[in-house]
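Chemist: Model the placement of chain P on the given structure of chain X, informed by the hints.
Protein sequences, first through last, are from chains X and P.
6 is the number of the first residue of the first sequence in this note's numbering; add one for each residue after it.
20 is the number of the first residue of the second sequence in this note's numbering; add one for each residue after it.
Treat the hints as calculated values from the structure; they're not laboratory data.
Check before you lean on any hint, since a few could be wrong.
[What the hints assert, rightly or not] Simulated pairs of lysine to aspartate or glutamate, EDC-like, Cα-Cα distance not exceeding 16 Å:
1) P:Lys355 to X:Asp277
2) P:Lys236 to P:Glu315
3) X:Lys259 to P:Asp335
4) P:Lys296 to P:Asp276
5) P:Lys351 to X:Glu286
6) X:Lys256 to P:Asp66
7) X:Lys268 to P:Asp335
8) P:Lys358 to X:Glu286
9) P:Lys193 to P:Glu315
10) P:Lys204 to P:Asp66
11) X:Lys256 to P:Glu148
12) P:Lys355 to X:Glu281
13) X:Lys258 to P:Glu148
14) P:Lys348 to X:Asp59
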Amino acid sequence: MSLKIIVLAKQVPDTRNVGKDAMKEDGTVNRAALPAIFNPEDLNALEQALRLKDEIPGSTVTLLTMGPPRAADIIREGLFRGADGGYLLTDRAFAGADTLATSYALHEAIKKIGQFDLIISGRQAIDGDTAQVGPQVAEKLGLSQITYAEEIQSVANGKITVKRRLEHGVEIVEGKMPILVTVNGSAPDCRPRNAKLIQKYKYAKTASEQQANDDAANSRSTRANAILGEWSATDVNADPKQCGLSGSPTKVKKIESVVFQAKESKTLDSSDQQIEELIVELITNHTIG
Amino acid sequence: MNNLFVYLEIENGKVEDVSLELLTKGRTLANQLKCQLEAVAVGSQLDNVGKQVFPYGVDVLHTFDDARLYPYTSLPHTSILVKLFEEEKPQIALMGATSIGRDLGPRVSSALFSGLTADCTSLEIGDHEEKKEGKTYTNLLYQIRPAFGGNIVATIINPDNRPQMATVREGVMKKEILDVNYQGKTVAHDAKQYVSDTDFAVSVIERHIEASKVNIKGAPIIVAGGYGIGSKENFQLLFDLANTIGAEVGASRAAVDAGYAEHERQIGQTGVTVRPKLYIACGISGQIQHIAGMQESSLIIAINNDPNAPINNIADYVITGDVETVVPKMIKYYKKNSK
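The shape of chain X in the complex, shown without the other chains (with noise of 0.2 Å):
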C-alpha cells in the first residue's frame, strides 16, 4: 500500500544565530538582519517522510509551506533532498497570523491537496517555539495525531506505529490513518541534498517567480522549468474574516527587547591565589560545602 505523505515544513529567521544587528533600536527584530532557513524539526519530518517513501514503492511526499514569496526555497530544498513535489501557500490576507490562522489556512490547503495518509511536520518551529500549528491542523481536519515523534517504526494495515520522546522517557503508540505526526529535534537528522535533484530542480519556480523571472529584460534562462504549486488565500478557498490579523483571537500588546539588569561583579584571572581565596570566601560564607 503506497502513501500520499503531505510534509508541513515553514521558513524560520535563523533565531540560533542572532548576531548584534539583529534587533533594530527600536526594540524590534530585524528580520533583515537573519538568515531564512528550513525550520530544523521540520527537516527531522522530512526525513521520517523520505524513509517511508523509501520503504513503501510508490509513496510520495508533497510539501506545503506558508509564508511570503521567497519561502518558495523550502519546496526547492525538498525537492533536492528527495520530495516529489510542493505548494506554497502566499498571500497577503495571511499576514499577522497568530497559530489558529496559520493552522485554518494550512488546514484549507491541505483539503485542497485532497488525499492522503499521512501529515508529517516538525514539533515546533524555532520562531515561535509554540508547537500549536501541528496539533491545531489535525484539529481543524477532525484527524488524530501522535506528537513528539523520534521514528515512525512502522506502517502496516492502515495503522502507524510511533516512537515518541517525552521529558522523561519514551512512549510506543499505534494510531490509524490517517493521522498527523509532529517530530523532534531528537529524531535523525535529514539527508542531505542529492546532486541529480539540484541539477532537476534548481529552476523549479513559482508562477511569479517565473513572471519575475520572465519580465528581466537579461533572463538567462529560457529553458521550461518545473512549476512549483503556489495557491492564494481564494485558491484553496480560505474565508478571509478566518485568516491573518482578522482571524487571528490572540493579539500582541507589547513587545519589549530584553534588558538585563546589569550586576557590579569582580573580576579574578585564573590565578591559583584568586581562585583558592574565592573557594575560601564561598566556604566561609557557607555559599558551598
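Modeler: Structure of chain P alone, referenced to chain X:
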C-alpha cells in the same frame, strides 16, 4: 462560570509539580479576579487527587475517572476539556507546557477558537484599550512570553475569546501551599458522557516513563556548561566539580543542541528556570534565553575566556580564563579548604 481552570497532569496517581505550580499562580490570579479556582483531573484512580490539590486553594475539582483515560492520549482528553469548557465557560484555562499540555492545549484552543499562548514566563491581570474601536477591556490575562529565540518579550492578550488559554513550563512559577486545611468540593463527572469510542484512535503500546534522574530545579548549587565546553567529554570536568561541591550539572541550549548534555539538564527559556544559591556558568556566553532562566540565582560565577561575554554583565564574580584550567583549581582548593 467565568472561573479560572487548571488542567492537572497526573502520573501514577501523583499530581505533577508543574500543575501544582499553576494552581499556586492560578490562586493568586483568581483572587485578583475575584473568581474561583477550579482544577480538572482526567485519568484513572483519581481518589487521592483532591487531598493533593485542595491545599493549593482549589475551590472545585472536576474528576473524570475511566481506565481508558490513563495514560494520556490526545483525543479523549481534548473531548473532555472542550465539552467541560463549553458547559463551565471559564475565563482562563492554564496547563503545563509539557509534552501533554502542548499536545492538548492547541487542540482545545482550535476546537473552541480561543487563543492560546505557549510557554508563558509570566501571567498578569491587566486592562487593554482598543483605540481604533474605542473599546476598553478590563481584567484580561496578560500572557507574557519570550519570542524570537528569547530576544524579545511579548505580551499577548485574547480580548474577545474565552477561555484565555496559556501554557507554562515546569519550574517557571513557584509552588506554594495556601492552606493545608483548605476545603474544596469534588464534582465527579461521568466520563462516558464526554468521550466517544472513536476518540480512542491512538493507543499506547509501551511506556517507559522514569522519574527524572536530574533535579536541576531543586538544586542549591548548579554548575552549568555552555557551547564553549567543546565536547561531551569535557563536560565530565563539570561533573567532577559538581560531585565535589554537591552540585547538579546544567547546560545551555547550545550545549544541549550540540549533544554535550541531555535535554533534561537544559536551563533557560526553553528549558528549566532555576533559582539556586550559587550558579557557576562555565563556557556560557550568555544568550538572553539562557540568562532568563538563571538570572534569579543568588550568586553567579562566570568562567569564560572571553572578557566581553554577555554573561559577565549579570555575574557577581567573573573569572577570565579557560574552563579546563579554572575548574580543576576550584576542585583542588575546595578539597584543600573544606572541613
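Chemist: If a hint holds in the structure, say so; if it does not, say that too.
Modeler: Here is how each hint holds up against the structure:
1. P:Lys355 to X:Asp277: Within the cut-off at roughly 12 Å; holds.
2. P:Lys236 to P:Glu315: holds (12 Å)
3. X:Lys259 to P:Asp335: Roughly 31 Å separates the two Cα atoms, so the pair is violated.
4. P:Lys296 to P:Asp276: Given that 16 Å is the threshold and the Cα spacing comes to 26 Å, the pair is violated.
5. P:Lys351 to X:Glu286: holds (15 Å)
6. X:Lys256 to P:Asp66: This hinted pair is violated, its Cα atoms lying about 40 Å apart.
7. X:Lys268 to P:Asp335: holds (7 Å)
8. P:Lys358 to X:Glu286: holds (13 Å)
9. P:Lys193 to P:Glu315: holds (13 Å)
10. P:Lys204 to P:Asp66: holds (13 Å)
11. X:Lys256 to P:Glu148: holds (12 Å)
12. P:Lys355 to X:Glu281: holds (9 Å)
13. X:Lys258 to P:Glu148: Answer holds: Lys258 (chain X) to Glu148 (chain P) is near 10 Å, not above 16 Å.
14. P:Lys348 to X:Asp59: At roughly 54 Å apart (the allowed maximum being 16 Å), Asp59 (chain X) and Lys348 (chain P) break the hint.
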